[in-house]
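A.B. asks: Turn these sequences into a full structure, and let the hints guide you.
Number of protein chains: 2
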Amino acid sequence: MLDQKPESVKYITCIGAGPIGGGWAAYYLSRGYQVTSYLHDPSEIDQLEKLISNAWISLEEIGLEPGASLDNFSSTSDLSSSIERAEFIQESIPEVLELKQNLYSELGDLVDPLVVIASSTSGMSMTDISARCATPERTVVAHPFNPPYLLPLVEMIGGEQTTAQALEWARQFYLVAGKSPLVMKKEIPGFIATRLQEAIWREALHMVANDEATVEQIDQAVVNGPGPRWALMGPCEIFHVGGGEGGMGYCLDQFGPALKLPWTRLVAPELTAELREAMVDGCVEMTDGKDFTALSQKMNTGLVEIAKLKKQQSTEKKK
Amino acid sequence: MLDQKPESVKYITCIGAGPIGGGWAAYYLSRGYQVTSYLHDPSEIDQLEKLISNAWISLEEIGLEPGASLDNFSSTSDLSSSIERAEFIQESIPEVLELKQNLYSELGDLVDPLVVIASSTSGMSMTDISARCATPERTVVAHPFNPPYLLPLVEMIGGEQTTAQALEWARQFYLVAGKSPLVMKKEIPGFIATRLQEAIWREALHMVANDEATVEQIDQAVVNGPGPRWALMGPCEIFHVGGGEGGMGYCLDQFGPALKLPWTRLVAPELTAELREAMVDGCVEMTDGKDFTALSQKMNTGLVEIAKLKKQQSTEKKK
Numbered sequence: 176m177l178d179q180k181p182e183s184v185k186y187i188t189c190i191g192a193g194p195i196g197g198g199w200a201a202y203y204l205s206r207g208y209q210v211t212s213y214l215h216d217p218s219e220i221d222q223l224e225k226l227i228s229n230a231w232i233s234l235e236e237i238g239l240e241p242g243a244s245l246d247n248f249s250s251t252s253d254l255s256s257s258i259e260r261a262e263f264i265q266e267s268i269p270e271v272l273e274l275k276q277n278l279y280s281e282l283g284d285l286v287d288p289l290v291v292i293a294s295s296t297s298g299m300s301m302t303d304i305s306a307r308c309a310t311p312e313r314t315v316v317a318h319p320f321n322p323p324y325l326l327p328l329v330e331m332i333g334g335e336q337t338t339a340q341a342l343e344w345a346r347q348f349y350l351v352a353g354k355s356p357l358v359m360k361k362e363i364p365g366f367i368a369t370r371l372q373e374a375i376w377r378e379a380l381h382m383v384a385n386d387e388a389t390v391e392q393i394d395q396a397v398v399n400g401p402g403p404r405w406a407l408m409g410p411c412e413i414f415h416v417g418g419g420e421g422g423m424g425y426c427l428d429q430f431g432p433a434l435k436l437p438w439t440r441l442v443a444p445e446l447t448a449e450l451r452e453a454m455v456d457g458c459v460e461m462t463d464g465k466d467f468t469a470l471s472q473k474m475n476t477g478l479v480e481i482a483k484l485k486k487q488q489s490t491e492k493k494k
Numbered sequence: 176m177l178d179q180k181p182e183s184v185k186y187i188t189c190i191g192a193g194p195i196g197g198g199w200a201a202y203y204l205s206r207g208y209q210v211t212s213y214l215h216d217p218s219e220i221d222q223l224e225k226l227i228s229n230a231w232i233s234l235e236e237i238g239l240e241p242g243a244s245l246d247n248f249s250s251t252s253d254l255s256s257s258i259e260r261a262e263f264i265q266e267s268i269p270e271v272l273e274l275k276q277n278l279y280s281e282l283g284d285l286v287d288p289l290v291v292i293a294s295s296t297s298g299m300s301m302t303d304i305s306a307r308c309a310t311p312e313r314t315v316v317a318h319p320f321n322p323p324y325l326l327p328l329v330e331m332i333g334g335e336q337t338t339a340q341a342l343e344w345a346r347q348f349y350l351v352a353g354k355s356p357l358v359m360k361k362e363i364p365g366f367i368a369t370r371l372q373e374a375i376w377r378e379a380l381h382m383v384a385n386d387e388a389t390v391e392q393i394d395q396a397v398v399n400g401p402g403p404r405w406a407l408m409g410p411c412e413i414f415h416v417g418g419g420e421g422g423m424g425y426c427l428d429q430f431g432p433a434l435k436l437p438w439t440r441l442v443a444p445e446l447t448a449e450l451r452e453a454m455v456d457g458c459v460e461m462t463d464g465k466d467f468t469a470l471s472q473k474m475n476t477g478l479v480e481i482a483k484l485k486k487q488q489s490t491e492k493k494k
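As you go down the protein sequences, you meet chains X and G in turn.
Going from the first sequence to the numbering used here is simple: count from 1 and add 175.
Going from the second sequence to the numbering used here is simple: count from 1 and add 175.
If you are wondering where the hints come from, they were derived from the structure by calculation, not from laboratory data.
There may be inaccurate statements among the hints.
Note that the list lumps identical chains together, so a pair holds whenever it fits in one copy or between two copies.
Said to hold, decoys possible - Derived PhoX-like pairs: lysine-lysine, alpha-carbon spacing no greater than 25 angstroms straight-line:
1) Lys435 x Lys485
2) Lys485 x Lys473
3) Lys185 x Lys225
4) Lys483 x Lys225
5) Lys225 x Lys473
6) Lys180 x Lys435
It should be emphasised that the depicted structure is a prediction, and the values quoted were computed from it without experimental measurement.
C.D. replies: What follows is the structure in structure tokens.
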């Protein structure tokens, strides 16, 4: 609730029992919260419990927070009793605008206006979702990646009527809860991570559609090539390291002309002086000005661990 | 050499002393080969030795092959003596077509026609590279990812004059050498992995150019979101798992409409019945028909290890 510190939150309600809603429930339990799941249909409980107990194996392996227990979980199909003690609400119902709008219209009246309601939507704007909500000022988008109990990203943004205070409170809450919240600059379709992912996905679909590569070749190309790097660094830092001592600036000067080549179906932007500067400055700031040796060491250490992990997995497979 | 088994290769020449050529030299040394590097300029030796000894730290950590030693390394700036004992040649000179054509013209006369010459080019076709080579039938593209001593992918394809035998011999050689060769269907600009990577990269540049995200936000979005998954599975298998019991088919039916949304600047192909079938069949084949439980377990086990790795890295950082 907005009148309490994010650190003092104990009761969370997760609305929705699918892979995202259930994944959130498991995650919050692992952090020591009391969690109530709202089920649209009581019959969903079996699948939800299976999902949570499966997630629990991974969460125990990573390490539970003090007080974390599956005993702190309850569920109900009664919306008003599900939110009774809620100090924070994570909504993850299906991605159908009308369903979301109906729910937020109900929640807008039912839930104390000091309780932040965060939506896991992967592409809709809160302006649209809360269009019929009487108390939209405490609603935010908080989009996780699947599975939400293993990937830390939470992309955040408010709707037109969301207060800055509510958005900041929610960001602080996710930090306390061990997540990596990212507050976006604007409401853009697909947010940030999904846009990047969707670009790869569409290129992959084009390649299959044009018989340039098989499904298996596409996946092998990613997993054995750039994939392991992306677990450790984003595309900008990777090129910043790839540029050696010269960093991103060298990389853009060297490979800039490749932007004119048909190396993807996505047409590139003009590499203006401003864009070049934004990329170079952004990389230097992001890496605290660390030099090539430090960055490439960070990359190599991580890649060695991933290589060892894969060696182990393939040995286990052969057994 | 084409008249010997790939298993019996002992002597390799690496042409080029940059991050790719040097990375290959380090990798081959770690696999127990005798390696000679050709340096365009003798002064490059310091930088090359630094690169190799730095790579060696990672390679030792992963595990050297029997007989592997830095003592098996030599270098020279004399092209003909560099290739004297070569049973296989890995070329990694700068990506300038004229330079490559000049080199292949020389190598075409100098090198025994039974020795396969593989180019690390990241986008040029062997048809172009070997245009002035007298013996192009044993030349192939073999494109690694940086750093080549840690990432297993080698994208392969011959030029118009390359024999199927030479391409297959080289593929077998890379398998013996512990790499993951991927023979492409066609000579396409950017090959497979770089096309996919370039799509992400261009979308990222557009987002910065349009002030939709900062450099740091883009990298955080990847590293904390889809990135760790890409270390373990390609984009197709990820959606195949994401679709739950219904797999890729469910995913396409559910999220297919998102292809019409402006979730990236890359326009999507039409999701025809043929494309849907190719994606679904491809996923089922690639995963040997494994069910959702098995696939999601594989994903979770890997993500737990990556999460632990990152936890460890961030603890070390704070020290």
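A.B. asks: Check each numbered hint from earlier against the structure, then list the numbers of those it violates in ascending order.
C.D. replies: 1, 6
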